[in-house]
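Trainee: Chain by chain, the residues:
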Amino acid sequence: MILTRSEEMLLLAVHRLQHDAYGVKIRLLMKEFTGKEMAFGALFVQLDRLSQKELLKSYLSDPTPERGGRSKRIYQLTTEGKQALIRTKKVQDSIWENVNGLGLDKA
Amino acid sequence: MKSKRPPVLFEWLIKLFFPDKGSYSTVGDMQEQYTYIRKTDGFVAAKWWYTKEVLRSIVPMFVQSILGGVSMIKNYLKISYRNLIRYKTYSVINILGLAVGLMCCILIYLYTVDELSYNKFFDNTENIYRMVNINFDNNGNITRKYQSGPAVLRETLPEYFNDSIERITTIMHRSGVIKKDDNMFNERVMFADQNFFETFSYQLIYGNASTVLKDENNIVITEEIAIKYFGNEFPLGKELKGIFGEVEKVFTVSGVVGELTWNSTYNFDFVVNIENQRLFYNDNPGSHRLKNLGDFSSTIIVTLKKGVDVKSLNDQFDRYVSQIFEKDLPLHRRFNKITSDQLPITFRLQNISEVRYDNSVYGGKDISTLYILIAIASIVLFIACINFMNLSIGRSSIRFKEVAVRKVIGAKRRDLFKQFWSESISISMISMMIGLILTYFVLPLFNELSGKELKFSMFLNLENVGVILFLGMLVGTFAGIYPSLILSKIDPEKIFRGRFYFGGKNIFTKSLVLIQFALSVILIVSTIVLSEQINYMLGKDLGYDKGGIVTIHVQERTPERSHAIVKSYSDKVKNYSSINEISSTSDAFGKNNISYSYIRKDEQRVLVRRYNVDDNYFDLMNLELIAGRAFSSSLITDTASVIINEACAEELGLTNPIGEEIRLFNKIPLRIIGVVKNYNFESLHEKITPVILYSRPDFGRYFVLVRVNTLNISKTIKFLNSSWNEVNPAKPFNYSFLDDDLKMLYEEDKKWQSIIGFSSMLSILIACMGVFGLTTTTISKKVKEIGIRKVLGAGIIQIVQLITKDFLLLIVAANILAWPCAYYIMKNVLQDYHCRISIGIEYFMFAGISTIGIAIMTVLYLTLKAAHKNPVESIRTE
Chain U
844 MILTRSEEML
854 LLAVHRLQHD
864 AYGVKIRLLM
874 KEFTGKEMAF
884 GALFVQLDRL
894 SQKELLKSYL
904 SDPTPERGGR
914 SKRIYQLTTE
924 GKQALIRTKK
934 VQDSIWENVN
944 GLGLDKA
Chain F
64 MKSKRPPVLF
74 EWLIKLFFPD
84 KGSYSTVGDM
94 QEQYTYIRKT
104 DGFVAAKWWY
114 TKEVLRSIVP
124 MFVQSILGGV
134 SMIKNYLKIS
144 YRNLIRYKTY
154 SVINILGLAV
164 GLMCCILIYL
174 YTVDELSYNK
184 FFDNTENIYR
194 MVNINFDNNG
204 NITRKYQSGP
214 AVLRETLPEY
224 FNDSIERITT
234 IMHRSGVIKK
244 DDNMFNERVM
254 FADQNFFETF
264 SYQLIYGNAS
274 TVLKDENNIV
284 ITEEIAIKYF
294 GNEFPLGKEL
304 KGIFGEVEKV
314 FTVSGVVGEL
324 TWNSTYNFDF
334 VVNIENQRLF
344 YNDNPGSHRL
354 KNLGDFSSTI
364 IVTLKKGVDV
374 KSLNDQFDRY
384 VSQIFEKDLP
394 LHRRFNKITS
404 DQLPITFRLQ
414 NISEVRYDNS
424 VYGGKDISTL
434 YILIAIASIV
444 LFIACINFMN
454 LSIGRSSIRF
464 KEVAVRKVIG
474 AKRRDLFKQF
484 WSESISISMI
494 SMMIGLILTY
504 FVLPLFNELS
514 GKELKFSMFL
524 NLENVGVILF
534 LGMLVGTFAG
544 IYPSLILSKI
554 DPEKIFRGRF
564 YFGGKNIFTK
574 SLVLIQFALS
584 VILIVSTIVL
594 SEQINYMLGK
604 DLGYDKGGIV
614 TIHVQERTPE
624 RSHAIVKSYS
634 DKVKNYSSIN
644 EISSTSDAFG
654 KNNISYSYIR
664 KDEQRVLVRR
674 YNVDDNYFDL
684 MNLELIAGRA
694 FSSSLITDTA
704 SVIINEACAE
714 ELGLTNPIGE
724 EIRLFNKIPL
734 RIIGVVKNYN
744 FESLHEKITP
754 VILYSRPDFG
764 RYFVLVRVNT
774 LNISKTIKFL
784 NSSWNEVNPA
794 KPFNYSFLDD
804 DLKMLYEEDK
814 KWQSIIGFSS
824 MLSILIACMG
834 VFGLTTTTIS
844 KKVKEIGIRK
854 VLGAGIIQIV
864 QLITKDFLLL
874 IVAANILAWP
884 CAYYIMKNVL
894 QDYHCRISIG
904 IEYFMFAGIS
914 TIGIAIMTVL
924 YLTLKAAHKN
934 PVESIRTE
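In order, the protein sequences belong to chains U and F. Quick note: the first sequence uses my numbering, first residue 844, plus one each step. Quick note: the second sequence uses my numbering, first residue 64, plus one each step.
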C-alpha cells in the first residue's frame with residue numbers, strides 16, 4: 844500500500860515527535876512542513892483514519908489542567924505504519940530517479 | 064474576568080462530533096491551544112480563534128462522523144440533487160415550507176437575542192449593579208421590590224463598604240422644557256452624579272468622561288438632540304435653557320454622546336449634574352431629594368471593585384440598613400404593617416444585565432413573553448417539518464427500487480439510513496439559505512410589528528453562523544429521521560417481486576396532518592379572539608364620550624399658576640366657533656401621571672384616584688350622575704364638596720352617600736354631593752377603581768380639555784396653538800387627542816395580536832403547501848383507479864369526492880381536536896383583561912370553515928385536473 848502525501852507527512856510527523864506526538868504538536872509540525880494551518884477537525888479525521896488502517900496506534904496520557912482536565916491522545920507508529928513509510932519512500936525514490944531537465948540541480 | 068472556557072456552543076459541537084471515549088482528548092487539544100492563545104493574544108483573539116477553528120473543522124468532522132468516509136458522500140449528494148431537480152413540486156414545497164419555518168425561528172431568535180442583550184454592552188457591565196429596594200411583611204416574606212432608593216445613601220455607602228465599592232452613581236429624572244432661542248420642547252432631563260460617564264461607557268464624541276459633568280452648569284446631550292436644537296451648528300459651548308416649573312437655569316453644552324444603542328435601560332437625551340436638584344428645594348431644604356432618607360425615588364448604581372463577591376456583599380446589607388435607617392425603621396414598619404422586630408425594608412445589588420427581565424421588581428418585564436414567542440416560532444417550524452416527513456414518506460414508493468438495488472449491491476441498512484439522512488440535511492441547509500434571504504426581506508415588516516429596530520447585519524457574526532448551521536442540522540435530522548428509518552427498512556426481495564405495498568392506511572401521515580391543522584386552528588382562533596378583544600376595548604362605551612376631545616398640557620407646577628393659565632386660556636378660546644366646550648382637570652385619561660391617595664370615612668380607609676375638576680367637566684365628558692348634582696361655581700361651599708363614583712360608594716359601604724362627609728389625607732373634610740356612574744378611565748385590563756372628584760382652588764388643574772367640532776380640525780388646532788402662544792409663550796403647545804391617548808393603552812395588545820396573526824398566516828400557508836403535496840402524491844398513485852372508474856361511468860363529482868374525502872375528514876377532526884385547546888388557552892389569556900369578551904362559538908366556526916375552505920381550494924385544482932383527464936391516456940401507459 845502506498846501512502847498519500849498527507850498521510851505520509853502525518854506519519855512522519857508522528858514519528859519525529861515520538862512521545863510528544865499529540866494533536867497540538869502534530870498540527871504545529873504539519874504547519875512547519877506545509878506552511879498551512881490544518882483545522883483540528885481535519886487533522887483528527889485523518890489521524891482517526893490512519894488508526895483505523897492500523898498504521899497508527901494511540902494511548903491516553905494523564906490529564907493536565909491547561910487542557911480543561913482532559914488527557915492527551917498520544918500517537919505512535921505501528922509496524923505496519925513504519926513499513927508503509929519505507930515502501931512509500933522507496934517508490935518515491937524510484938520515481939525521482941534519473942529525472943532531468945526540471946532544473947532541480949540549480950535549485 | 065470572563066470565563067476561562069472557550070465558547071460553550073462550539074465546545075459542545077466538538078464533543079458531539081468526537082465521542083472518543085471518556086476523555087475527549089480532541090477537545091483537550093483544542094483547549095490547550097485556546098489557553099495558549101488566550102495567554103499570548105488575549106481573550107477576544109482566543110475566542111475568535113476557537114470559533115474559526117470549529118467552523119473550519121465542521122465539514123471534515125461532519126463527513127467523518129456521520130457518513131463514515133468521503134467516498135460515498137459525493138454520490139449521495141448527486142442523487143439528492145437529481146431527485147430535487149426531477150420532482151420540482153415536492154422540492155419547492157419542502158424547501159419553501161422549511162424556509163418559512165426557519166425564517167420564523169431566525170426572526171424570533173434575533174428578537175430574543177436583542178431583548179436579552181440589554182445593558183450588556185458597557186465596558187464593565189459585570190461590575191455594575193443597581194440597588195433593589197425590598198419590602199417585607201410581618202412574616203418576613205417579600206412583598207414588593209422596587210428599582211430605586213434614597214439618593215442620600217450615596218454618602219454612606221462608600222464609607223460602609225469601603226473595600227468593595229468603586230463608585231456610586233445616582234440617577235433621577237425630571238420633566239421640563241428645554242429652550243434655545245425660539246425653539247422649545249418638552250423634554251425629560253436626567254440628573255446624574257458627575258461620574259455617570261465613567262460608570263456607563265457611553266461614547267462621548269466631545270467631552271471627557273471624567274470631567275464633562277463636573278461643572279454644575281454643564282449639560283451633556285446626544286447627537287440627535289444636538290441636531291434637533293442646533294442643526295448644523297457646532298453644539299459645544301452653546302447654551303440651553305432648562306425650565307422646570309418656576310425654576311429656570313441656563314446650561315452650557317459640554318459634551319455630546321454619539322448615537323445611543325437602543326438596548327440600554329439608562330439612556331437619556333440630556334444629562335446634568337445631580338447637584339442641580341438643590342434648585343428645586345431652595346425654599347424647603349428639609350425635603351431635599353438628595354438629603355431625604357424617606358425619598359425612595361432615585362436609581363442608585365453601584366460599581367464594584369474587580370473580583371468582589373456580590374453575594375457576601377449582599378449579606379451585609381441588612382446590617383447596613385438597620386444602622387443607617389435606625390430612626391426611620393418604626394415608620395417603615397408601620398407602612399408595611401409589621402408588628403414584630405422584623406426588618407421592614409432592605410437592599411440588594413442586582414447586576415444591570417438582569418434588570419430588563421426581572422418581573423419580581425416593579426417595572427421589570429415578564430420573561431414568559433419570550434417563551435411564548437419561542438413556542439410560536441417552534442410551532443411554525445414544526446408544521447414545516449411535518450410537511451417534510453409526510454412528503455418523504457408519501458413519495459417513498461418512487462425510491463423503493465433505488466433502495467432495493469443498493470441493498471442488493473451490498474449497502475447495509477446503516478448506509479441507506481445515512482444516505483437519506485444526509486439528503487434531508489442538505490435540503491434543510493438549502494432551506495436555511497433561502498430562509499435567511501426571506502428573513503432579510505421580511506425584517507422591516509417584523510420590525511414594524513414588534514416595535515424593534517433589528518438589523519440583518521447584526522446577525523452576521525460567527526457565533527450566529529454556528530447557530531444557523533446547528534439549527535439546519537437539527538431540523539434536517541428531526542424531519543428526516545423517520546423517513547430515513549422507513550426507507551432503509553425495505554426488503555429488496557419483496558420490491559422486486561412487486562409485492563410491497565407501503566403504508567396501507569398510513570395512520571402516521573394522517574395523524575401528522577391532523578396535528579398540523581389542529582395547531583393552525585389554535586393559532587387562528589387566538590388571532591381572532593385577540594383582535595376581537597382589542598376591537599371591543601376600543602369600541603366599548605367607556606361611560607363618557609371620548610371623541611373630539613383635545614387635551615392640552617398646562618405644564619405649570621404650582622396650583623396658582625395653573626389656575627391663572629387655565630383661566631386666561633379658556634377666556635381666549637371659548638368664543639371660537641368650532642369649540643363646543645372647555646373644562647380643566649388635574650389629570651387626563653391615558654396619561655401616565657397617576658395620583659392615588661387615601662380617603663377616610665370614620666375608621667375606614669379607601670385608596671382612591673382623585674381629580675380636581677371644574678364645573679364644566681361633567682358636561683364636557685358627558686358623565687352621568689346617578690345621584691345628587693354636579694359642581695356649580697355659583698356656590699362657594701362647593702369647594703368643600705366632592706363627587707364620588709359608584710365603585711367608591713360601594714367600597715365605603717354607603718347606600719345613600721349624599722351628604723356624608725369624607726376626609727382626604729386625613730385632614731381635608733369633603734361633603735359628598737353626587738355619585739357618578741362608573742366610567743373606565745384606565746385601560747380595560749383593569750377593574751374600575753374608586754374615584755373622587757372635587758373642585759378646589761388650592762389644588763392645581765394641569766390639563767385643559769376642549770371638545771371641538773371635528774369637521775375643521777386642523778384649523779381649530781392651529782387656532783388653539785396660536786392662542787396658547789399668546790397666553791403662555793414660555794411653554795410649548797403640548798396637545799393630544801383623548802382617543803389617541805386611550806389607544807396607546809392597548810399598544811402592547813396590538814403588538815401581540817399582529818405577531819400571532821402573522822404566524823397563524825404562515826402556519827396555515829405551510830400546512831396548505833403540505834396538503835397540496837400530499838394530494839399530488841395521492842393522485843399520482845390513483846391515476847389508474849380514476850381512469851377505470853371513469854370508464855365504468857363515475858362522474859366528476861364522485862372522483863373529486865374520492866380524493867378529497869379523506870382530507871376533509873382529517874381537517875374536521877383537527878378542528879374538533881383544536882377547539883377545546885384553543886378555548887382553554889384563550890380563556891386563560893383573557894383572564895388578563897378585566898373587561899373581556901365571551902368566547903363565542905362563532906370564532907371556532909370561522910376558524911373551522913376557513914381552514915376547510917382553504918384546504919379544499921388548495922386541492923380542488925389538482926383534483927379537477929385529474930378528474931378531467933382522458934382515461935385513455937391514464938390507463939394506456941404501463
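If you are wondering where the hints come from, they were derived from the structure by calculation, not from laboratory data. Be aware that one or more of the hints could be misleading.
Taking lysine-lysine pairs in the DSBU-like style, the calculated list, with each CA pair at most 30 Å apart, reads [unchecked claim]:
hint	chain 1	residue 1	chain 2	residue 2
1	U	Lys-900	F	Lys-374
2	F	Lys-304	F	Lys-374
3	F	Lys-844	F	Lys-603
4	F	Lys-481	F	Lys-115
5	F	Lys-183	F	Lys-464
6	F	Lys-475	U	Lys-900
7	F	Lys-110	U	Lys-874
8	U	Lys-868	F	Lys-475
9	F	Lys-481	F	Lys-183
10	U	Lys-896	F	Lys-481
11	F	Lys-794	F	Lys-243
12	F	Lys-470	U	Lys-896
13	F	Lys-470	F	Lys-481
14	U	Lys-868	F	Lys-110
15	F	Lys-813	F	Lys-183
16	F	Lys-730	U	Lys-879
17	F	Lys-794	U	Lys-868
18	F	Lys-470	F	Lys-635
19	F	Lys-794	F	Lys-464
20	F	Lys-794	F	Lys-635
21	F	Lys-137	U	Lys-874
22	U	Lys-896	F	Lys-475
23	F	Lys-304	U	Lys-874
24	U	Lys-879	F	Lys-374
25	F	Lys-141	U	Lys-896
26	F	Lys-557	F	Lys-110
27	U	Lys-879	F	Lys-115
28	F	Lys-137	U	Lys-896
29	F	Lys-390	F	Lys-400
30	U	Lys-874	F	Lys-844
31	U	Lys-879	F	Lys-603
Trainee: Provide an ascending list of the numbers of those earlier hints which the structure does not satisfy.
Mentor: Numbers 1, 2, 3, 5, 8, 9, 16, 17, 18, 19, 23, 24, 26, 30, 31 - these are the hints that the structure violates, sorted from lowest upward.
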